[in-house]
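S.K.: Chains A and B supply the protein sequences, listed in that same order. Start counting the first sequence at 3; every next residue gets the next number (the working numbering). Start counting the second sequence at 3; every next residue gets the next number (the working numbering).
Worth flagging that the hints you see were computed from the coordinates, not collected in a lab. If you're wondering where the values come from, they're calculated on a predicted model, not measured in any experiment. A hint or two may mislead.
In silico lysine-lysine, DSS-like type, Cα no more than 27 Å apart, as pairs [unchecked claim]:
id	chain 1	residue 1	chain 2	residue 2
1	A	K130	A	K54
2	A	K54	B	K179
3	A	K179	B	K54
4	B	K52	B	K13
5	B	K54	A	K54
6	A	K179	A	K13
7	B	K54	B	K148
8	B	K14	B	K54
9	B	K14	B	K130
10	B	K130	A	K179
11	B	K44	B	K13
12	B	K179	B	K148
13	A	K13	A	K52
14	A	K179	A	K148
15	B	K179	A	K130
Number of protein chains: 2
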Amino acid sequence: MTSPPPHESRKKLLNAALNVIRARGYCATTVDDICHAAGVTKGSFFHHFKSKDDLALSAAAFWGDMTEGFFASAPYRQLEDPLERLLGYVDFRGEILRGDAPDYTCLLGTLVQETYATHPDIRAACDKGMSTHIAHLTRDVDAAKKLYAPEAPWSAESVGYFIQSVLQGAFIFAKAKQGPEVVRESLAHLRRYLGLIFHQPQSAN
Amino acid sequence: MTSPPPHESRKKLLNAALNVIRARGYCATTVDDICHAAGVTKGSFFHHFKSKDDLALSAAAFWGDMTEGFFASAPYRQLEDPLERLLGYVDFRGEILRGDAPDYTCLLGTLVQETYATHPDIRAACDKGMSTHIAHLTRDVDAAKKLYAPEAPWSAESVGYFIQSVLQGAFIFAKAKQGPEVVRESLAHLRRYLGLIFHQPQSAN
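Isolated chain A, as found in the complex (with noise of 0.2 Å):
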């Protein structure tokens, strides 16, 4: 095959681990498995990553980037109510749920679950972008706490593990389901407790 120029084959490199790794995991990904994926060559491999586990940790940055960048962008966070962003967010996870299970569900959620006790540094990378993503969420659990529950007894960053929790633990009942369903029923009742914390007007349905 003709070589991509270096930049190139790098992302390509890093687009396949994403597609791959969240397919067939982690351990069950090999070097080739890439390669073949990304249609570059093992070289070019090893130009870029020393090993499996460094190409993880660039994985898990790459994607943390590639997240923030994506939802930092999407339409729910121009909404200037914090609630209002909130709830933007869960729905807008329920709109791109689309595809596969390997186009919707979190790199970092698949490769911490195999590789938390064996790999401190994939688990210390996979932590930092969860808990990079969930920032941004209690940033907007806090600002509207202070509006609409600000005698709550809850902390605006366990509201924001609660609803990562909710996505993660769908996410396996997609792969469990081969499907969706799951995440989308998941996703109505974390909104309607949402809605119920910040003593939002529930509709009947």
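We have chain A; now place chain B onto it with these hints.
M.R.: Same frame as chain A, but now just chain B:
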């Protein structure tokens, strides 16, 4: 080493599989790892199981039987009111968060995350085990709904899956953060949600 009797060695291998897979993931776990953890020979392993995949199928069934027996005999199961049983389940899940992540996380959630696209039989076994557990929960949700929220727009089954999504997702954070704090806080949000949708009075904290 001295070989234990055949039935005993099968059970040792299954118990070892639960622990090793929950710590290292499925792909990274070798037959040697499991034999070593079980203290039985490789000959004994292949007397009982055709392969690691064959063991995984038996381990999923063994996990299902073991956990159903465990929850069936838990104190909260004696409560007469179905909503009390449901809230008792959530509290009990908090009480059993002892030890490290491999001690309290779910074999099936771990196993399916890695194998769903590549091992259809293991995926189906995980789905069956998780769905059976959720069916027990759904019976209590359904009975509680009839008593306390007969007009509610949500299905009892969707609440069962939501409860499990929260747990499975929070286990991912227990692994990422090396401790059960997110699980505890997410169970507190889940318990508050169940109280709200069944119209139970909420305390101030």
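S.K.: CA of K179/A to CA of K13/A, is that 27 Å or under?
M.R.: 31 Å, violated
S.K.: Please work out if K179/A and K148/A have their alpha carbons no farther apart than 27 Å.
M.R.: Violated, at about 39 Å.
S.K.: With a cut-off of 27 Å on the C-alpha distance, tell me whether K44/B and K13/B pass.
M.R.: Between K44/B and K13/B the Cα gap is close to 14 Å, so the pair holds against 27 Å.
S.K.: Straight-line Cα separation of K54/A and K179/B no greater than 27 Å?
M.R.: 23 Å, holds
S.K.: Does K130/B lie within 27 Å of K14/B when you go C-alpha to C-alpha?
M.R.: Holds - the C-alpha atoms of K130/B and K14/B are around 23 Å apart, at most 27 Å.
S.K.: Check the hint pairing K52/B with K13/B against an upper bound of 27 Å on the C-alpha distance.
M.R.: Within the cut-off at roughly 15 Å; holds.
S.K.: Quickly compare the C-alpha distance for K13/A and K52/A to 27 Å and report which way the hint goes.
M.R.: Measuring from Cα to Cα gives roughly 15 Å; hence the hint holds.
S.K.: Is the Cα-Cα distance between K179/A and K54/B 27 Å or less?
M.R.: 23 Å, holds
S.K.: Between K14/B and K54/B, does the CA-CA distance stay at or below 27 Å?
M.R.: 15 Å, holds
S.K.: K130/B and K179/A were given as a pair; does the straight-line alpha-carbon distance stay at or below 27 Å?
M.R.: Since the Cα atoms of K130/B and K179/A sit roughly 10 Å apart, the hinted pair holds (cutoff 27 Å).
S.K.: Assess, step by step, whether the Cα of K130/A is no farther than 27 Å from the Cα of K54/A, and give holds or violated.
M.R.: Given pair K130/A, K54/A holds - Cα atoms ~19 Å apart, limit 27 Å.
S.K.: Given the hint that K54/B pairs with K148/B, test it: the Cα-Cα distance must not exceed 27 Å.
M.R.: Not satisfied, since the Cα-Cα distance of roughly 45 Å exceeds 27 Å.
Of the numbered hints stated above, those contradicted by the structure are hints 6, 7, 12, 14, listed in ascending order.
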